[in-house]
Structure formats: structure tokens, C-alpha cells
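> In the order they appear, the protein sequences are chains A and B.
Note that my numbering has the first sequence beginning at 3, numbered continuously upward.
Note that my numbering has the second sequence beginning at 3, numbered continuously upward.
Certain hints may be false.
Heads up, the list lumps identical chains together, so a pair's fine if it works in one copy or across two of them.
Pairs of lysine-lysine residues, derived as BS3-like cross-links and limited to a Cα-Cα distance of at most 27 Å, are as follows [to be verified]:
1. 426 / 260
2. 97 / 281
3. 171 / 374
4. 89 / 374
5. 376 / 97
6. 426 / 9
7. 368 / 288
8. 18 / 171
9. 288 / 409
10. 273 / 288
11. 446 / 300
Please keep in mind that the hints were generated in silico from the structure rather than gathered at the bench.
Protein chains: 2
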Amino acid sequence: MENDAFKELKEAVLEKISPKPEERAHLKEIAELLIKKVEYIACSMGLKGVSANLVGSAARNTWISGTHDLDIFIMFPGNASREELEKNGLTIARKIAEESESFEERYAEHPYINMRYRGFDVDIVPCFRVESAACIRSAVDRTPFHNEFVKNNINGLETDVLLLKQFMKGVRVYGSELRTQGFSGYLTELLVIKYGSFENVISSACEWQPGTYIDLNSHGTIQHAESLIVVDPTDPKRNVAAALSLDKFCMFIDSCRKFLLSPTLDLFFPKSLAPMNEKELIQRFKSRGTAFIAITFKTPDVVEDVLYPQLYKMKLAVVALLEEHEYRILNVGSWSGKKTVILLELMSATLPALRKHRGPPVWVHKHSESFKDKYENAEDIFAFYIENGTYVAEVPRKYPDVNSLLKERLTLCSMGKQVSSAVKNGFEILQGSDICSIQDMDFKLFLANWPGRSNIIQ
Amino acid sequence: MENDAFKELKEAVLEKISPKPEERAHLKEIAELLIKKVEYIACSMGLKGVSANLVGSAARNTWISGTHDLDIFIMFPGNASREELEKNGLTIARKIAEESESFEERYAEHPYINMRYRGFDVDIVPCFRVESAACIRSAVDRTPFHNEFVKNNINGLETDVLLLKQFMKGVRVYGSELRTQGFSGYLTELLVIKYGSFENVISSACEWQPGTYIDLNSHGTIQHAESLIVVDPTDPKRNVAAALSLDKFCMFIDSCRKFLLSPTLDLFFPKSLAPMNEKELIQRFKSRGTAFIAITFKTPDVVEDVLYPQLYKMKLAVVALLEEHEYRILNVGSWSGKKTVILLELMSATLPALRKHRGPPVWVHKHSESFKDKYENAEDIFAFYIENGTYVAEVPRKYPDVNSLLKERLTLCSMGKQVSSAVKNGFEILQGSDICSIQDMDFKLFLANWPGRSNIIQ
């Protein structure tokens with residue numbers, strides 16, 4: 003693979019994504035400024051043992067040009083109380099936020115502040131300074147250890163990390179948020195350290211199997227069930243790839259093989275599909291001969307890491323509801339903007355007026371007798387007979403169309419707190435071509451891609 | 003149960019079905035005449051050790067008034083050759099047939115003659131006179147032993163047999179031919195001998211379970227898998243109820259319970275359902291909201307015991323074919339007159355234009371690669387993606403309507419020799435209301451009863 007064309011390709015990619023010296027200098031300047039501000043404010047508050055630290059890809063030189071993210075951690079002594087940390091951490095961060103273009107307080111395990119500061123997207127996060135990653139008091143305490151490990155081991159492979167990150171972005175597997183369920187930045191760094199180069203990661207991944215196990219320090223202590231296990235070098239119990247879904251794992255394998263067959267710039271920078279107009283979409287959907295049903299409701303006001311797991315739960319519950327009533331689902335997906343849409347593609351949106359309801363075997367006297375009493379002479383029965391040794395009652399189908407089923411039973415589905423209350427506040431069912439009339443460019447793109455995103459149907 | 007109303011009911015039934023003295027005398031006269039003729043002809047042919055015997059219900063006084071069936075067996079010495087028996091047996095029978103109104107030669111294990119003789123339906127059947135039913139040379143050799151056993155054990159219970167036979171006729175479980183798969187005459191006699199009376203058979207059957215085992219002589223030697231096992235008192239290896247289907251077994255149990263709850267004349271002599279007119283049928287079928295498909299072809303010229311097993315095989319094969327192509331079948335039945343009809347009731351007669359074709363898991367490199375090569379860029383592909391770890395190709399469905407599927411693939415189904423060649427000679431597919439236009443009163447009755455006959459869908 004190490005030929006001229008490949009070298010040229012890498013250079014062409016790096017040309018686009020590797021920060022130029024002046025961009026690097028500017029980032030360094032802002033980061034140092036912020037660190038000094040934190041330490042100054044802490045000092046002026048009379049706090050002892052508080053320091054600030056730049057962490058994340060900015061600190062490791064593995065950031066892609068144009069992504070101006072800074073993660074500044076305010077490190078409190080390991081024996082500080084949680085209240086102290088939260089109170090003082092916020093006080094410091096708010097003080098800095100006074101000079102920002104805009105900011106908001108966010109909540110993970112404890113509160114932190116995200117701000118727009120001189121063109122940078124800055125997180126100022128309080129954490130505890132602990133002895134090792136094994137005795138962290140809060141999930142964010144782990145980050146400084148990751149930072150140390152990567153800085154000590156990356157050994158000039160920073161551009162390989164950049165290439166891998168961009169490749170993963172291009173093939174849509176980058177990002178460990180619950181919406182994406184792909185590869186985190188830290189995970190790409192560990193993969194490059196493990197395999198030694200971008201191209202070695204690619205060629206190795208072509209032969210990955212579910213259960214692939216990577217343990218740089220050979221210190222893993224527990225079994226993991228995930229597709230890919232990369233033991234955290236700073237915590238033997240933790241799988242850095244735990245958030246990676248089976249399909250993103252497979253998409254990456256698939257993309258690596260594609261890359262080896264024909265390494266092109268398109269894989270790093272895919273051309274975006276032109277959104278189709280309404281007429282084209284309707285035409286495309288009609289040609290499939292399936293039935294489309296969309297459930298739409300106002301997107302609840304929660305962060306994506308809360309929203310997406312709930313949407314996933316909702317999709318599972320809706321599919322189970324429909325299948326319980328004998329509908330056959332081909333594909334299901336969700337899209338979220340101002341509105342949220344659960345899109346279902348069915349073999350058919352209607353079913354016969356009757357349903358075969360099987361009773362017990364005829365020879366189970368008591369049970370079959372009470373089944374017979376209930377149904378044989380019921381007013382609305384279609385037929386009653388014996389088939390394969392059991393009584394069968396042909397009863398009216400309660401929901402002969404999927405619309406009536408969803409209208410009556412959707413709110414009873416298990417969907418997670420915020421999504422459930424959003425649905426209960428009101429939802430709409432759209433069918434067929436009406437779905438294409440939702441006016442949102444991103445939604446139209448979602449439709450144009452249908453069903454090429456990760457599906458949950460077995 | 004032994005009350006006045008019940009006695010009256012029994013008398014009312016017997017009044018209709020018990021032969022009057024003059025009918026009995028007439029039957030006896032004709033039977034004796036035929037026996038004398040057989041023996042006279044045998045004698046004049048110079049045959050030694052040949053005798054004639056009246057067997058079956060006529061010989062046992064268990065025949066229902068109006069059924070004028072006579073079974074005359076020509077018994078050859080047990081050491082006669084098969085050729086002798088066939089040649090001489092037919093010569094004798096043909097001689098008698100010369101005086102009949104009409105006759106035809108039929109074939110079971112060996113040839114025999116069926117004739118219309120002075121108003122009677124007469125079978126003249128050659129058989130071997132063997133020492134015991136365990137060493138028979140041909141299936142018919144068993145009959146004389148059955149005759150002896152019943153005559154020696156029925157002990158005045160003949161009217162109970164008449165009642166049971168009529169009850170079974172009324173509830174449609176009488177007859178052991180392969181079309182009916184119900185109870186044979188001999189089986190009803192054994193049940194009455196076992197339980198001691200008509201009413202005892204009824205009340206015992208209410209609690210029958212699959213595997214019910216009756217062995218009058220306690221001499222059974224092998225295991226049987228059928229629902230009801232009645233060991234032949236003349237052959238320890240044979241189950242007299244082997245031809246009884248699970249559903250006829252269950253229908254009998256069900257009817258016995260019904261009888262105990264309310265013993266009425268209707269159960270013995272059910273009112274026949276008025277056939278619906280075309281309009282009523284169409285209305286009834288439409289209200290079910292299902293899709294009806296009929297396959298029709300000229301009925302092959304074979305006896306019912308050959309035809310019905312082949313139709314059963316055909317139904318299984320057609321259901322399997324349709325299910326393989328993702329159609330869902332609710333009910334299937336067959337009817338035979340001049341034409342034969344296989345009637346299928348489906349959830350829907352059409353399916354989407356596409357079909358999800360699942361490939362191997364992505365990590366099975368070689369297999370998944372060749373799947374991908376074949377489908378990913380195929381011209382007519384709808385979509386290609388990864389779902390639950392496997393590649394999925396959305397390919398055009400070859401048979402998006404059941405009509406096209408049957409037209410192209412029906413003749414490849416495994417259907418038995420004569421039915422298969424009848425279908426290959428030409429078949430028609432009728433859909434929906436066109437089915438109701440088949441002009442045959444019995445077929446209309448079949449439709450009016452739909453789907454109340456025995457079905458083969460699990």
C-alpha cells in the first residue's frame with residue numbers, strides 16, 4: 003500500500019485537515035489564556051491546590067483543522083468535597099463566561115459550563131485530581147489520565163490519528179455520543195498506538211471479528227460482550243469501545259476493505275447526496291410498493307444523549323406493538339429536528355377484517371369448553387372450527403389498519419420519560435406521500451437516504 | 003342419561019335407520035342367492051375347496067336401512083397361488099356379473115368386481131382362507147376374521163352400533179376412506195363392544211386424549227403414534243383406527259360433549275346448509291377482508307383413495323411455496339367434482355416490489371465480499387446496507403403477486419402423479435369474486451361452509 007499514489011492521497015487529506023502553524027499558535031494562545039484565568043481566579047478566591055489543564059485532542063495535537071474545541075479542566079484536590087467542587091468550579095467558570103460571546107450551564111455527573119469564547123467552543127469542567135484512573139470520583143476525572151497516556155505514547159503518530167479520524171468521519175462511524183454509537187477520539191488514538199499507523203489500523207480492521215480484544219497494557223480484568231474490546235490503559239475494567247454499536251463496527255470493517263480496494267479522497271470527504279424534491283421522493287417511495295407510516299411529535303427539550311436512547315427504546319416498542327398485531331415491518335428509523343419523526347416501512351398498512359384466534363386443544367376439556375362457550379356463538383364471530391386439534395375462532399380484528407392501532411395504543415408503549423411525555427402531549431400519524439410534505443431539508447435528506455441508516459429490525 | 007326423553011330419541015333415530023323385517027328378508031335372500039351362485043360356478047369349474055361368504059355389516063346386522071351393500075368373499079384355499087386366485091376369482095365374478103344391471107372391475111391388492119345386482123351394490127372379492135389374521139396373504143383376507151370376531155362378540159348390541167354409526171354420519175366423522183379419514187364400520191363395532199353401549203361410547207369419548215389405547219384382547223405388541231389406538235382383536239400389530247385424523251378424532255370428542263349437553267335428533271340428521279347464491283357468497287367473502295385464490299383443473303380420473311392423498315400433498319406443497327415467498331396463508335381447502343379446486347385464503351395476494359435479502363455477517367470476509375460484489379451495484383437494486391451485522395440487499399421481488407407465482411411455479415410443486423399431470427395439462431387461477439362464479443351446487447355449498455372443513459395450516 004505504501005506507494006506514491008497512496009502517499010499523495012494522504013498528503014491531499016492532511017492538506018485539508020492538518021492545522022496550519024498559525025491556527026495552532028492561535029489555539030495555543032487562547033488555551034494558555036484560559037488556563038491562566040482559571041488559576042488567577044482560583045487564587046484570588048483563596049482556593050488551595052486548584053490548577054487548570056488543557057485536555058482532549060487540542061492538548062494532544064490530534065485535532066482537525068477548523069474544529070475549535072477546547073476542554074479546560076479545573077482540577078480540585080482529590081479530597082475536596084463534591085459541594086466545594088461544584089460550587090467553586092461553577093464560580094470560576096461563570097467568571098470566565100462573563101467575557102464570552104455566549105454560554106450555558108450543562109449537566110453531566112456534575113455541572114459545567116460550555117461557552118463560545120473568541121471563536122472557540124470551550125468546555126470548562128471541574129474535576130477531582132485523583133491518584134489513578136482506578137479511583138476516580140466522577141467520570142470526568144478519567145480524562146486527565148487519558149491525556150497523559152496518549153501524550154506519552156503517541157510518539158509522532160499524530161497525523162495518523164488525524165487521517166483515521168477523518169476517514170471515520172467520512173464513512174460515518176466517528177463519534178461516541180449515543181446518537182452515533184461510533185468511535186470516540188480517544189479510541190482512534192489507542193488504535194493508532196496499537197497498530198502503529200493509519201494504514202495498519204485499516205488493514206487490520208478488515209479482518210476484525212466480533213470479540214476483537216485489544217489490551218495495550220495486558221492488564222484487562224473482566225469479560226466484555228461488545229463487538230470490539232479496547233481495554234482502557236488507565237483503567238483495566240473499562241472498555242473504551244463500549245459505546246460502539248455492532249453496525250458501526252461492521253460499517254468500519256466494510257469501509258476499510260473498500261479503502262484497500264480503492265483508496266480515494268471520496269471516502270474521507272464524501273459528496274453529500276442532493277436532497278430530492280417532494281415529487282422525486284414520492285416517486286421513489288411508491289416504487290418500493292411498501293406502506294410508509296410516520297409518527298411525528300414535538301422534539302422534547304433534552305440533550306441528544308438523553309433523546310437518542312429514548313428514541314431507540316420507542317422504535318423497539320413500536321415495532322413490538324405492530325408485530326404483536328401481525329403487521330410486518332421492513333424498516334424503521336428516526337429523525338429529529340424541531341419535530342421528531344419515527345418512520346416505519348411496512349409490508350402493508352392494512353390487514354384482514356378477521357383474525358384467527360387459537361384456543362386450547364379439544365382434549366383439554368375444561369379450558370377448551372370455556373373457550374368454546376366464549377366464542378362459538380358470539381355475535382361477531384366469523385367462524386368457529388377445529389384445526390390441528392385445537393378450536394379456532396375467527397374473530398374481528400381490532401386494528402385492521404395500523405393508523406387505528408397507533409392512535410389507540412402508542413401512548414401505552416414504553417418510550418422513556420421525556421419522549422413519552424412529548425408523545426402524550428400530542429402526536430400525528432402521516433401516511434404515504436403526506437410524509438414527504440414535512441418541510442425540512444435535513445428530513446428530506448433522511449428520506450433520500452432511506453433506509454441506508456442503521457436499522458433495528460432483526 | 004337413561005331417561006324417557008333419551009329413550010324416545012333413540013327410538014326416533016332407530017325408527018329411521020333400523021331395517022324393517024321385510025328389508026332384512028330381502029337382503030338375506032339376495033345374499034344367499036349370490037353365495038349359492040358362486041359355489042355352483044366354482045363347482046362347475048372343477049375347483050376344490052372354494053366357498054363363498056357374506057361379510058361386512060350386512061353379515062353382522064349392523065347395516066343402516068337403505069344402504070344396500072353386499073360384500074361376498076370368494077374364499078380360496080390358503081395354499082392356492084396368487085395367479086389361480088386372480089384368474090378363477092375373476093372368472094366366477096364375471097359369470098355372475100353377466101346377470102347384473104351393470105358392473106366394473108376394480109383393483110385393490112388384487113382385482114375384484116363391483117356390480118349393481120337387483121338394486122344392491124355388490125362387491126365380489128376373491129381372498130385366501132388363512133389360519134389366522136396374523137398370516138394373511140392379502141389385506142382383504144383379514145375381513146372374514148373381523149366378521150367372525152364381531153359376530154361372536156356383539157351380543158345383541160347391534161342397535162347400539164346403528165346409533166353410533168348414524169351419530170358419526172350426522173357429525174361428519176364416519177368413513178375411513180382417505181377422503182374422510184374418520185371411523186370405519188368395524189371401528190364403531192369394536193367401540194360398542196368395548197364400552198358396552200352407544201351412550202357409554204359417547205360419555206367415554208368426552209374424555210379421550212391423544213394416545214387413547216383400547217386393546218380388547220390385551221395382545222397389542224407395538225407402539226402406535228396415532229390419536230386413537232384400537233388394537234385389532236384379530237391382529238395384535240394392527241391399529242384399526244390408523245386412518246383416523248387428529249381433527250376427526252377431535253370433532254368426534256366435541257360432538258359427544260355436545261350430545262351430552264343436549265341430545266337432539268339434529269345431531270344424527272343435521273339440516274343441510276342452504277347453498278348461498280353468488281351475491282351472498284361474494285358479500286360474505288368480501289366482509290372477511292382477505293384475499294381468495296382458487297387453482298382449478300380437470301379432476302384426474304382416479305378413485306378417491308388415490309385422489310385425496312394427492313390433493314393433500316398438493317395443498318401442503320402450495321402452502322410451502324407461497325410461504326417461501328413470504329405470503330401468509332390463513333386457510334386452504336380442496337373440493338373435487340368434475341373440476342378440482344384448491345382454494346387459498348391469504349392475508350394479502352400482493353406484496354411489496356422489493357424484498358430484503360440478507361447476506362452473511364460482514365466479518366465473514368470471503369462470503370460477505372462475494373455477496374457484496376453480486377448485489378451492491380446491481381442495476382435493479384433498491385438499497386444495500388448493513389443491518390444487525392449483516393449485509394442486506396433490497397432486491398426486486400420476483401413474484402409481487404400470488405397469481406404470477408402460481409403461474410410460473412405451480413407445476414414444479416410435488417403433488418402426486420395423477421394430480422401433477424392433471425395440473426400440467428392445464429390449470430386456471432381465479433381470484434376474488436370470480437371464484438363464486440364456478441357453477442356447481444356442491445361447490446357453492448363448500449364455499450358457504452368455508453373454512454369450516456379440516457384445514458392443514460399450523
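> Evaluate each hint against the coordinates.
Structure-based check of each hint:
For a Cα distance limit of 27 Å, the shortest separation of residue 426 from residue 260 qualifies neither inside one copy, at 45 Å, nor across copies, at 49 Å. In this assembly of identical chains, residue 97 and residue 281 lie within 27 Å of each other by CA distance neither inside one copy nor across copies; the values are 53 Å within and 85 Å between. Taking identical chains as interchangeable, the C-alpha atoms of residue 171 and residue 374 lie at most 27 Å apart only when they sit on different chains, with a minimum of 23 Å there against 62 Å within one chain. When the C-alpha separation of residue 89 and residue 374 is checked against a cutoff of 27 Å, the pair qualifies neither within a copy, at 70 Å, nor between copies, at 57 Å.
For a Cα distance limit of 27 Å, the shortest separation of residue 376 from residue 97 qualifies neither inside one copy, at 73 Å, nor across copies, at 62 Å. In this homomeric assembly, residue 426 and residue 9 never come within 27 Å of each other (Cα to Cα): the closest approach is 56 Å inside a single copy and 66 Å across copies. In this assembly of identical chains, the alpha carbons of residue 368 and residue 288 never lie at most 27 Å apart, being 51 Å within a copy and 35 Å across copies at closest. In this assembly of identical chains, the alpha carbons of residue 18 and residue 171 lie at most 27 Å apart only when taken from the same copy (14 Å versus 89 Å across copies).
Taking the closest pair of Cα atoms, residue 288 and residue 409 come within 27 Å of each other both inside a single copy (24 Å) and across two copies (26 Å). Taking identical chains as interchangeable, the C-alpha atoms of residue 273 and residue 288 lie at most 27 Å apart only when both belong to the same chain, with a minimum of 26 Å there against 51 Å between chains. Taking CA atoms no more than 27 Å apart as the test, residue 446 paired with residue 300 passes inside one copy only; the shortest distance there is 18 Å, against 55 Å between copies.
In this structure, the hints that do not hold are numbers 1, 2, 4, 5, 6, 7, in rising order.
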